[in-house]
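Residue numbers (our numbering): 63 to 444.
Simulated from the structure, these hints should not be mistaken for lab results.
Glycine included, C-beta positions come from ideal geometry on N, C-alpha and C.
Errors might be hidden in some of the hints.
Label pairs and their calculated CB-CB ranges [claimed, not checked]:
1. 343 / 398: 36 to 46 Å
2. 226 / 401: 25 to 35 Å
3. 142 / 207: 15 to 25 Å
4. 229 / 146: 30 to 40 Å
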Amino acid sequence: MIFFLQPIAFGAWFPHIPGIQTSLGLSNGALAIALAGMPVGTLTALLFAGRLADWLGARRLTLLVYPLFLTAMLLPFLAPSQLVLMASLALVGGSMSILELGLNVLADDYETRTRHKIMSKAHGLWSFGLLAGTLIGSLVAGYALEPFYVGLGIAILVQAAAATVILPLPASVAEKPATARRSGFRLPHPVLLGVCFFTFGTTLVEGAVADWAAIFLRDAFTATPGIAGLGVSVFILTAAVTRLSGDRLRQKISAGRLAQCLALIGLLGLAVVWMAPAIPAAMAGLSVLGIGAALAFPLGVTAASAAPGTSPASNVAILSFIALMGFLAGPLAIGALADLTDIRTGLMLLAPMLCLSFLLAPFLTRAGERATAATIAAAGTR
Numbered sequence: 063m064i065f066f067l068q069p070i071a072f073g074a075w076f077p078h079i080p081g082i083q084t085s086l087g088l089s090n091g092a093l094a095i096a097l098a099g100m101p102v103g104t105l106t107a108l109l110f111a112g113r114l115a116d117w118l119g120a121r122r123l124t125l126l127v128y129p130l131f132l133t134a135m136l137l138p139f140l141a142p143s144q145l146v147l148m149a150s151l152a153l154v155g156g157s158m159s160i161l162e163l164g165l166n167v168l169a170d171d172y173e174t175r176t177r178h179k180i181m182s183k184a185h186g187l188w189s190f191g192l193l194a195g196t197l198i199g200s201l202v203a204g205y206a207l208e209p210f211y212v213g214l215g216i217a218i219l220v221q222a223a224a225a226t227v228i229l230p231l232p233a234s235v236a237e238k239p240a241t242a243r244r245s246g247f248r249l250p251h252p253v254l255l256g257v258c259f260f261t262f263g264t265t266l267v268e269g270a271v272a273d274w275a276a277i278f279l280r281d282a283f284t285a286t287p288g289i290a291g292l293g294v295s296v297f298i299l300t301a302a303v304t305r306l307s308g309d310r311l312r313q314k315i316s317a318g319r320l321a322q323c324l325a326l327i328g329l330l331g332l333a334v335v336w337m338a339p340a341i342p343a344a345m346a347g348l349s350v351l352g353i354g355a356a357l358a359f360p361l362g363v364t365a366a367s368a369a370p371g372t373s374p375a376s377n378v379a380i381l382s383f384i385a386l387m388g389f390l391a392g393p394l395a396i397g398a399l400a401d402l403t404d405i406r407t408g409l410m411l412l413a414p415m416l417c418l419s420f421l422l423a424p425f426l427t428r429a430g431e432r433a434t435a436a437t438i439a440a441a442g443t444r
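Use the sequences and the hints to build the structure in full.
Encoded structure:
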């Protein structure tokens with residue numbers, strides 16, 4: 063439930079991006095610079111988010127940051143300029159990254175304690191929450207309602223529901239510093255880096271579709287605001303449905319092989335987007351692309367938590383940091399290429415990202431194997 067509730071306000075923002083672009087008079091390149099505020103805030107927050115999660119514990123962190131994120135989510139609707147929009151999105155990105163770190167650590171802790179796999183289902187419900195938000199946003203855009211007041215209503219309802227769900231959860235104990243921890247910077251373990259850069263490739267696809275799908279449908283096919291917003295919705299829907307079956311798939315096929323199959327499906331969807339002659343074909347391509355991108359982050363979180371490192375929370379923070387670094391370059395590159403050519407060509411920059419994920423997917427299996435070996439060794443010692 064807390065995974066489902068978190069992205070509703072976030073999803074309601076996406077269908078309004080074309081309208082915000084028009085009202086502020088921004089080119090695609092200028093919009094890309096403003097959208098880069100979110101990854102800037104995210105990366106800044108992730109520099110200390112892992113230590114904050116270790117100190118407070120995931121439950122307490124989630125409880126504290128939920129209202130901060132929902133408040134920040136209202137600010138982009140009030141932005142009077144490109145600079146203020148960028149700053150507002152930086153606050154959104156920073157608060158959201160800390161909140162999502164808490165959610166992922168809670169889910170991983172549950173899997174570790176119970177041996178019951180829920181990570182993919184949790185992310186599937188996150189996607190359904192995002193889908194609900196995008197549908198609300200599409201309706202608001204289609205009927206030309208005031209998005210700020212709708213967003214305020216969403217924030218109040220979501221906060222009330224989230225607090226009701228989080229408070230009864232068992233208190234998570236903040237992790238104690240590991241004895242092997244040293245001061246100063248240490249390069250993450252190669253297996254963890256491989257997992258992180260695998261996730262980097264596919265999460266960039268998710269962010270790019272969220273930022274640019276509505277603009278693609280508007281510019282390429284002159285879609286109305288309500289129809290353009292549905293482009294994000296179909297992507298999220300197929301990703302959510304795929305994530306609901308992800309935990310079962312993880313039990314039948316290795317994580318690395320599963321990730322490679324999905325990367326190929328993503329490339330197929332991107333090809334359909336490139337060749338689409340009309341809105342229905344473009345929607346079909348976006349839906350296939352959603353299947354391909356669905357499991358990268360849940361698989362990455364599970365593998366990063368199992369990889370060598372100081373703590374699961376710190377590893378997930380490193381994963382999030384590296385995976386979201388692409389969000390700095392991605393919106394800028396797509397926007398710049400779209401200004402030089404068109405938005406359809408700009409989206410093709412996602413192809414090498416999916417190829418990167420395909421090549422690095424075996425690191426997911428290696429992380430799981432190392433964790434299993436460590437568990438067996440610990441059991442033998444006892």
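Structure-based check of all given hints:
In this structure, residue 343 and residue 398 break the distance hint of 36 to 46 Å, their C-beta atoms being roughly 26 Å apart. Distance hint check for residue 226 and residue 401: the Cβ-Cβ separation is about 46 Å, which falls outside the suggested range of 25 to 35 Å. Hint check: residue 142 to residue 207, Cβ distance near 20 Å, so the stated range 15 to 25 Å holds. Taking 30 to 40 Å as the suggested C-beta distance range, the pair residue 229 and residue 146 conforms, at roughly 35 Å.
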